[in-house]
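*Asks:* Here is what each chain is made of, one letter per residue.
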Amino acid sequence: MIPILTAIGAMAFLGLLLSIVLGLAAKVFYVYVDPRIEQICDALPGANCGGCGYAGCSDFAEAIVCLGASPDGCVAAGASTTEAVCSIMGLSAGLGERYVARIFCQGDEQKAVQRFDYNGALDCAAAIVSTGGDKACEFGCVGLGTCVRACPFDAMEMGGNRLPLVDQNLCTGCGNCVQACPREIPLLIPISQKTANLCSSHEAGKTVKQVCSIGCIGCSVCKKKCPEGAVDMEDKLAVVNPAHCTGQGVCLEKCPTGSMVSLQSPALEKPEASSAQETA
Amino acid sequence: MADYLLMMVTAIFANNILLIRFLGLCPFVGVSTSLESALGMSAAALFVNVLASTISWNVYNFLLVPLELEYLRTVAFILVIASLVQLVEIILQKVAPALYRALGIYLPLITTNCMIFGVAVLNIQEKHSFMETIVYAFATAIGFSLALIILAAIRERFALGKVPAMMSGFPAALITAGLMALCFTGFMGLGQ
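So the sequence lines, in the order shown, correspond to chains A and B.
Following the numbering used here, the numbering of the first sequence begins with -1 at its first residue and continues without gaps.
Following the numbering used here, the numbering of the second sequence begins with 2 at its first residue and continues without gaps.
No lab work stands behind these hints, which were simulated from the structure alone.
Even glycine gets a Cβ: it sits at the ideal position worked out from N, Cα and C.
All the given hints hold, so there is nothing to weed out.
With a straight-line cut-off of 30 Å between C-alpha atoms, the simulated DSS-like cross-links for lysine-lysine are:
1) A:Lys109 - A:Lys221
2) A:Lys252 - A:Lys204
3) A:Lys192 - A:Lys221
4) A:Lys109 - B:Lys163
5) A:Lys252 - A:Lys221
6) A:Lys25 - B:Lys95
One-sided excerpt, in silico: chain B residues whose CB lies under 8 Å from chain A:
7) Leu64
8) Leu70
9) Leu73
One chain only, chain A, in its complex shape:
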């Protein structure tokens, strides 16, 4: 009987001692945590994509409460989440426009000239460092899917023609693909933008024609013909200003290579690419 009692007594003593130490430590080293931080954390999507510019959702929640960060900073969340965060913070919601990623290159395997068969590491940055990529265009998509792997929302996939596809419904505009890309192929544009020049090449027209059949040759006919003056030429590349473009489509008709594309049909990229796969 005695050994059992000693055992119980000893363990109870040890447990009591440790709990007193822990209890004291919790009092002495008490850190006040704003309860709103946890509430906001629960309201946020929890994907930790980093699109808001903070290390993760909990970090962003802390920034909203402690540093006064804007509650609509979460690009992954829909309007309902922003409203929920605003109601926790006692603010009124003012919603910004949704941004989505677009692939600014149309040089697939048929249209872009390939210099050699690439057989190295399956990573765009590695390919550029080692060989410059197999496509001859120095500005185009390398096509090894680094951006696809960077997407935390499964909104991207590699098409069969070695160009990434973006699902506009799933894309949250977090910008992870923009940062992952060693070139500047995925770019964030407003979802309402009606027309875009899906080419990134700043080369002279002659060079572009040698390496790609659908690249922007910098002829600036779109700039001259646009009735709204919505096209600017930036170093031999036409760039559409979404604030002025009304989507009349004059530039689409005039563009000699087809690099100017209408974005108005909803969820344009996926169906078009899948039909291209079938014909190919």
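Based on these hints, arrange chain B on the given structure of chain A.
*Replies:* Same frame as chain A, now just chain B:
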């Protein structure tokens, strides 16, 4: 002094806690995907291992042995380790928030790491003195860090390489770990 040195070399290389004794394997495959998290885990493990072994040794020799309750050491040690990790977490959050954030999830995870408990028990089994306990705990944690960081570095390298789909991820990591363990048996016979 020479004894301590010998003990350290033995614990780090010849009896590496991960690769020869196979203790604490969950972080070995779980946290070795990137060098940064491996370093964080190593630092946290080193810290907790030394502290836990020291306190467990005292609990055993000054509480359990006098009361003839040696058979309760598993329960007692787990109690001590779990509370200790909690305590360290509370103190770190107040005193060094930056370090607390850097260690992140690894600190609470260490509560259930069998290396911490294993070293505490080994110290008792080998009848180490108090100083020997500290040195041994430090050296095993260094051995743990060494193996973990080497594996993380290797895994970072072949994350970019062409690994067949059926082998990518854990299978490749386990085979690498096996080859590393094979290499470390080369240290057998070194030291004690």
